[in-house]
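Asker: Sequence:
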Amino acid sequence: MCETEQCDGTVGFGGSPDELGETTLDAMIMDGTAMDVGAVGGLRRIKNAIGVARKVLEHTTHTLL
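Going by the numbering used here, the sequence shown runs without a break in its numbering and finishes at 76.
Keep in mind the hints are simulated off the structure, nothing from the lab. Heads up, a few of these hints could be off.
Cβ pair distances, simulated, as ranges [claimed, not checked]:
1. Ser27 <-> Asp47: 25 to 33 Å
2. Asp29 <-> Leu75: 15 to 23 Å
3. Thr74 <-> Thr35: 15 to 23 Å
4. Thr44 <-> Thr71: 16 to 24 Å
5. Thr72 <-> Pro28: 26 to 34 Å
6. Glu30 <-> Glu69: 29 to 37 Å
Just so it is clear, CB atoms sit at the ideal spot from N, CA and C, and this is done for glycine as well.
Given only the sequences and the hints, what does the whole structure look like? Please build it.
Answerer: This is the structure in structure tokens:
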């Protein structure tokens, strides 16, 4: 995963900051069989945003947090 391996300086933890100097991450995951979605936006100080999105998918009734 590019987020973990830091293969692109603009992606993931340590990526390019916004205008306030903060690095935030968004992620979405979809289960095409069940048509379920889990997504998160604006996460700070999280290395693996897709893991958080997976928890939203698997453990909540929400689509986006």
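Asker: Please go over all the hints and tell whether each is borne out by the structure.
Answerer: Here is what the structure says about each hint:
At roughly 31 Å, the beta carbons of Ser27 and Asp47 sit within the given window of 25 to 33 Å. In this structure the supplied range 15 to 23 Å holds for Asp29 paired with Leu75, their Cβ-Cβ distance being about 19 Å. Range check, Thr74 to Thr35: Cβ separation about 19 Å, and the 15 to 23 Å hint holds. About 19 Å separates the C-beta atoms of Thr44 and Thr71, a value consistent with the hinted range of 16 to 24 Å.
For the pair Thr72 and Pro28, the supplied restraint of 26 to 34 Å holds, since their beta-carbon distance comes to about 33 Å. Restraint check, Glu30 to Glu69: a C-beta distance of roughly 34 Å satisfies the suggested window 29 to 37 Å.
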